[in-house]
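2 protein chains.
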Amino acid sequence: MKIINIAVVGLGQIGNYLLNELNTKKKDIEIKTGKKIQIAAISAKNINKKRKFKINKNLFFKDPLDIFKKRKIDILFEAVGLSDGISKKVVETALKNKIHVITPNKALIAKHGDYLSSLAEKNNVNLEFEASVAGGIPILRTIKEGLATNIIYKVYGILNGTCNYILSEMEKSNDTFHNVLKNAQKLGYAENEPKFDLNGYDTLAKVKILSSLSFNTKISKEKCLLEGIQNIELKDIKIANQLNLRIKLLGISERINNQLFERVYPCLVRKESYIGNVNGVMNAVILHGNPIGESIMQGEGAGPGPTSSALMSDLLSILRGNIKYPFGIPSSLRKKIRKFNMENNLCSSYLRIEVNDVSGVLSSITKAFALNKISIKNLIQNPDKKNKKASIVIITHESLEKNYNNLLLNLNKNKYLVKKPTFIRIEKI
Amino acid sequence: MKIINIAVVGLGQIGNYLLNELNTKKKDIEIKTGKKIQIAAISAKNINKKRKFKINKNLFFKDPLDIFKKRKIDILFEAVGLSDGISKKVVETALKNKIHVITPNKALIAKHGDYLSSLAEKNNVNLEFEASVAGGIPILRTIKEGLATNIIYKVYGILNGTCNYILSEMEKSNDTFHNVLKNAQKLGYAENEPKFDLNGYDTLAKVKILSSLSFNTKISKEKCLLEGIQNIELKDIKIANQLNLRIKLLGISERINNQLFERVYPCLVRKESYIGNVNGVMNAVILHGNPIGESIMQGEGAGPGPTSSALMSDLLSILRGNIKYPFGIPSSLRKKIRKFNMENNLCSSYLRIEVNDVSGVLSSITKAFALNKISIKNLIQNPDKKNKKASIVIITHESLEKNYNNLLLNLNKNKYLVKKPTFIRIEKI
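Residue numbers (our numbering), protein chains in the order written: chain U, 74 to 502; chain B, 74 to 502.
Below 20 Å or equal to it, Euclidean Cα-Cα: the simulated EDC-like pairs (lysine to aspartate or glutamate) are:
no.	chain 1	residue 1	chain 2	residue 2
1	U	LYS169	U	ASP139
2	B	LYS408	U	ASP101
3	U	LYS409	B	ASP101
4	B	LYS108	U	GLU194
Quick caveat, the hints were computed from the structure, so don't treat them as lab data.
Only chain U is shown next, with the shape it has when bound in the complex (with noise of 0.2 Å):
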């Protein structure tokens, strides 16, 4: 039986949980791939950091571009998680020295994907990324393989699990963002440092492979509209739920006349529609093709357990199979794609307008509307007659995001305003 020698660079929560993973299916590996594999090489910053098991010191390289020089190495799991630095270095040299690399680095992927996949390619090696997009759901794997002859139109989802337990827990919790984002960093749903999550930045990541395996097209590198849940108020999410609607951070890619169309923000959709009920840490996504229809999966989206799963997907996946394009296609034909001009996006929306409660007030509100040809379908005004200011908040027919844009520049003008209004746009899924 052939032995295949593996790296694991990144000892972290991932790096560990997938050692231990590596270790204990041997055998099931052995049945399903008839190879055996072996850890040849592990690499993190510190031997000595307390951990569950003790690292061998005869496989363990604290330079992990010391193993390409010492070890012969047939598969590298990198997982330190950098966009660049010395992810992009190891990956990169493993590559070149014809390793298969498999790596749950999504921003890596999302900035470096189109080099790293020619570079696999003309080294005849895999590159694989399953665990960069929603975890515990196969979906790279599915748009490349189970899906493989559909043609793609368009891919949404939730696929950052914090934003997602966040926006549920103020909902259920009745509790204010700050409260409920101090909570899930002590429960671990939240990191220390979430800002990619909360900014939609890690969202937009994994929009822009999503796009690239649906598409068979070149990771965009235009600016995205991009918008988080930071400004996100607990009073939003009620006034939502008097409405029957619900707020979800998605993430969202479609052609438009062959031109692409990528954006994240939260944004509001039926209470009763499927998204409208993915919550928690839960990742969703959603596929509409021919002749598939729409297709759906759910599971959970971040997590060492469900990314190891994905690891080791991808680990099966080479050492059962051959050579696979890392984006499904050669790199050569993948094409560049137009950007659609995201101002004309037609969509109704939500605007939550903080006002001082005098007379004219309303009439000079409802007046920036109809300036911007945008046409008002409810508008429920709330005084706040103790302070004397007033909530307005008016659900608009369809409009174009210019029309909203010049809006809010408007709006923001306005002497009566006491604080930015929220804007947030209504998705007919």
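Position chain B against the provided structure of chain U, taking the given hints into account.
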């Protein structure tokens, strides 16, 4: 570029759709696999049947077994759909001739999958059957590859679009089973001979395939708990609705103390549960495993489009990869598994008992429950004064299947009974 010769046996709805996909997606297949396909043989009962396209007479074989004598074939699609007969003969002969086989035929695989997979392995070719379970959902590939090293302990779902459409539509349109079925047949959502859909047999075949893949076991030949939806009345759907429950035909398979418990029956699930909201012709599969947690997939279950999508994914898997074990591991390692004694199944349940409304009836009915140690949680009595009849609906606390069996035997002998009681299990899902 290597040319791969394809045979398609069976030109019903699926065979037809597939041929069109094969013809229109040749270029896509070349790009993704580096191989060129060519249709080398087609077999159908009647060459002259009216079709959207003309069949090249040089490719046509009335008897599919002639194909093996007269053409060099690499991959054969079997789309006849019998559990035995010519379907089995064609697949068997192909495998023996070292031809890869792709089939959507769940009846064939559920009955002869063990034999055919070992035949494929012996001849070093692939036997792929992704389309046999939930066509639009690549669930088999997901179990074998995407979740390859997970330990799965439960798999269940809505696996028959016809039944799910009928149950959903009865609730939606407030119409009888009979009328909804007739309408479903008109719309093409039910076959003219829907017996094997309605009695749960089709779902059971899919459950057997899912179990084998999930638990790495031989296909179970044991008798299962199998009930269809033929006896579900509009009345039950309405009462369920009031109780915040919904009736779904589920196929369920789980390992309990390393014993296999497979069953198919209509059951009551919470209306707000995920599975309670999968309506219409949609299929859904839910897996519980480690480390994956809960994983959900939803999509169109049948129809030529989704089925062809699965057939094409099998084709690309063969074109791209090495020889794979049809059930994920070598046939020789797939173990037999003992059957869980279904009499020990514990659940609460719904009973609707139609009786003559005379004094003493309620005491007589409830006595039967007490005798069988089944405790009653709710009881709703609806008198039909005009006809001197009454409908007694009882929700029970959890009890053993064997107690329910005895209860039903007792009730059937009850002198006040107007007709056989309706018994529906409640699934805690």
